[in-house]
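Undergrad: Since the structure of chain A is provided, determine the placement of chain B on it from the hints.
Chains as they are written, first to last, in this note's numbering: chain A, 3 to 256; chain B, 3 to 256.
No wet-lab data here; the hints were simulated from the structure.
Keep in mind that the hints are not guaranteed to be accurate.
As the list makes no split between identical chains, a pair holds if one copy fits it or if it spans any two.
Straight-line distance between alpha carbons at most 27 Å, and here's what the computed BS3-like set of lysine-lysine pairs gives [what the hints assert, rightly or not]:
no.	residue 1	residue 2
1	49	71
2	170	49
3	49	95
4	71	170
5	174	11
6	247	116
7	95	71
8	170	116
9	49	116
10	174	49
11	95	247
12	11	95
13	71	174
Protein chains: 2
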Amino acid sequence: MSDTAAPGKIYTACVLVIGNEILSGRTQDTNLAYIAQGLAQVGVVLKEARVIPDVCDTIAATVNELRTKYDYVFTTGGIGPTHDDITAECVAKAFGVKNVLNPEALAIFQAVFKPEDLNEARLRMCHTPEGAVLIPNPVSRAPGFRKENVYVMAGIPRVMQAMFDGVKPTLKGGPPVLSRTVGCDLPEGAVAQGLSAIQDRYRDLDIGSYPAFRRGGGFWVSLVLRGRDRDRLDLAAGEVAAMVKGLGGNPTLE
Amino acid sequence: MSDTAAPGKIYTACVLVIGNEILSGRTQDTNLAYIAQGLAQVGVVLKEARVIPDVCDTIAATVNELRTKYDYVFTTGGIGPTHDDITAECVAKAFGVKNVLNPEALAIFQAVFKPEDLNEARLRMCHTPEGAVLIPNPVSRAPGFRKENVYVMAGIPRVMQAMFDGVKPTLKGGPPVLSRTVGCDLPEGAVAQGLSAIQDRYRDLDIGSYPAFRRGGGFWVSLVLRGRDRDRLDLAAGEVAAMVKGLGGNPTLE
Numbered sequence: 003m004s005d006t007a008a009p010g011k012i013y014t015a016c017v018l019v020i021g022n023e024i025l026s027g028r029t030q031d032t033n034l035a036y037i038a039q040g041l042a043q044v045g046v047v048l049k050e051a052r053v054i055p056d057v058c059d060t061i062a063a064t065v066n067e068l069r070t071k072y073d074y075v076f077t078t079g080g081i082g083p084t085h086d087d088i089t090a091e092c093v094a095k096a097f098g099v100k101n102v103l104n105p106e107a108l109a110i111f112q113a114v115f116k117p118e119d120l121n122e123a124r125l126r127m128c129h130t131p132e133g134a135v136l137i138p139n140p141v142s143r144a145p146g147f148r149k150e151n152v153y154v155m156a157g158i159p160r161v162m163q164a165m166f167d168g169v170k171p172t173l174k175g176g177p178p179v180l181s182r183t184v185g186c187d188l189p190e191g192a193v194a195q196g197l198s199a200i201q202d203r204y205r206d207l208d209i210g211s212y213p214a215f216r217r218g219g220g221f222w223v224s225l226v227l228r229g230r231d232r233d234r235l236d237l238a239a240g241e242v243a244a245m246v247k248g249l250g251g252n253p254t255l256e
Numbered sequence: 003m004s005d006t007a008a009p010g011k012i013y014t015a016c017v018l019v020i021g022n023e024i025l026s027g028r029t030q031d032t033n034l035a036y037i038a039q040g041l042a043q044v045g046v047v048l049k050e051a052r053v054i055p056d057v058c059d060t061i062a063a064t065v066n067e068l069r070t071k072y073d074y075v076f077t078t079g080g081i082g083p084t085h086d087d088i089t090a091e092c093v094a095k096a097f098g099v100k101n102v103l104n105p106e107a108l109a110i111f112q113a114v115f116k117p118e119d120l121n122e123a124r125l126r127m128c129h130t131p132e133g134a135v136l137i138p139n140p141v142s143r144a145p146g147f148r149k150e151n152v153y154v155m156a157g158i159p160r161v162m163q164a165m166f167d168g169v170k171p172t173l174k175g176g177p178p179v180l181s182r183t184v185g186c187d188l189p190e191g192a193v194a195q196g197l198s199a200i201q202d203r204y205r206d207l208d209i210g211s212y213p214a215f216r217r218g219g220g221f222w223v224s225l226v227l228r229g230r231d232r233d234r235l236d237l238a239a240g241e242v243a244a245m246v247k248g249l250g251g252n253p254t255l256e
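Next comes chain A alone, as it looks inside the complex (with noise of 0.2 Å):
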């Protein structure tokens, strides 16, 4: 993945999040924020996140539909030593290949345990679907991998941050996704209109509206632009402020 991005070609992405634990409610998922905020840094586009159970053909069908349709499908969660660790054989599963030991990811686990305490369980973590490509671990060591474009890495937030920082300056994408944000006092539905038509000068960039509740009381709207050419996004921004205050609104600049 070192040679450099077409010009001109927009790379996509997708987040896969694997585990029951997300959607028993058990567990707040925060890896996808990180990576989409990564993701936005190198230019990728992120289109969709899927969060799905530890269910072998589950996974298998999934990730054989993302990879397909996405140029990045970033899975989180499945990779540990216990029954409910089920990634590896799955995306093995999806790419028709075996999961097999792999002898940088064996090493990596002789460095770290004594021979009697790696153990089955452990010695499962070292396997990787064939000519899948390691992912380090600098928190915990256990080695997330890439099988083409789609990288497999852990659940734990601090060692899935890890691993994806890692693996960002090695991303195809496109300029950096910037944004401005515009602080607005006044209701929604009093700048909808006027922010519309912003929006349809501005095609090239994406508009938001994000209400918020005050501490205080009362609601917040943020007015969030983005795109890739700061000079239009200055200019829309500076026209999204100017529309607030010719509402009577008092608009911030963040």
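TA: Then chain B, alone, in the frame of chain A:
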């Protein structure tokens, strides 16, 4: 939806998070975990979640795929007054019906806004797909709606929660999904074999192993058992704790 659940039937659901702000990493979604926990309480199995952008064809196609696949689809986001709020018209498109002025929604807005403030943007929020039933919004009034098995709710967590809490008692489900957690101070690799053996004996339960970093350093593992039968859960949790103890650990039953 007031009739009773079919005996023995497993009711399934999917959450569909709609919004560019989640895929850009600007906003950390918390609605999925809230809905997941609520569904477990009423015995509905959450099988999948997806996050998709504010793109009408994508929204319509995804709604159509999911509403035939699952008993319930819960969408969040995209029902405000701004140009990026397109969920209602896309759900209408999915069902092949018109997005029409809803007299009940209009009455709610007429009670909130003076006629001169009931502008085009706010009137858009009074439109729902033909045949839709409103979902009340006790927080900020503007309602969501249900069209057949698709529940369309707001993206703002406090509003979404109020909407979901309102519809939750009307859902057909099964016995609540209960859980037991055994805290474990041994590494996953040490307990994996024993845990797998217990899972094999309790096929009706879903046993997961979730490591996390301790604040003070090192790992902590939560061994989580989920199922609908309280006695079986207690029995299995006891076995898990005994297994951890047998390996020299100090299990805690949470």
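Undergrad: Is it within a copy, between copies, both, or neither that the alpha carbon of residue 170 lies no farther than 27 Å from that of residue 49?
TA: Only inside one copy: residue 170 and residue 49 sit 17 Å apart there, 30 Å across copies, limit 27 Å.
Undergrad: Between copies, within a copy, both or neither: which fits residue 49 and residue 95 at Cα up to 27 Å?
TA: Both, since 25 Å and 21 Å are each at most 27 Å.
Undergrad: Classify it for me, residue 170 with residue 116: is the Cα-Cα distance of at most 27 Å met within a copy, between copies, both or neither?
TA: neither (33 Å within a copy, 52 Å between copies)
Undergrad: One pair to classify: residue 49 and residue 116, alpha carbons no more than 27 Å apart. Within, between, both, or neither?
TA: neither (44 Å within a copy, 40 Å between copies)
Undergrad: 27 Å Cα cut-off: does residue 11 pair with residue 95 within a copy, between copies, both or neither?
TA: For residue 11 and residue 95, neither the intra-copy (30 Å) nor the inter-copy (30 Å) Cα distance is at most 27 Å.
Undergrad: From the Cα coordinates, with 27 Å as the cut-off, is the pair residue 95 and residue 247 best called within, between, both, or neither?
TA: neither (57 Å within a copy, 36 Å between copies)
Undergrad: Checking residue 95 and residue 71: alpha-carbon separation at most 27 Å within a copy, between copies, both or neither?
TA: both (18 Å within a copy, 23 Å between copies)
Undergrad: With 27 Å as the alpha-carbon cut-off, assign the pair residue 49 and residue 71 to within, between, both or neither.
TA: both (10 Å within a copy, 22 Å between copies)
Undergrad: When Cα atoms must be at most 27 Å apart, do residue 71 and residue 174 count as within-copy, between-copy, both, or neither?
TA: within (16 Å within a copy, 35 Å between copies)
Undergrad: Measure nothing new, just compare the shortest in-copy and cross-copy C-alpha distances for residue 174 and residue 49 to 27 Å and report within, between, both or neither.
TA: For residue 174 and residue 49, only the intra-copy Cα distance (16 Å) is at most 27 Å; the inter-copy one is 33 Å.
Undergrad: Within a copy, between copies, both or neither: where do residue 174 and residue 11 come within 27 Å Cα-Cα?
TA: within (10 Å within a copy, 47 Å between copies)
Undergrad: At 27 Å max between alpha carbons, let me know whether residue 71 reaches residue 170 within a copy, between copies, both or neither.
TA: within (20 Å within a copy, 35 Å between copies)
Hints 8, 9, 11, 12, counting from the list given before, are not met by this structure.
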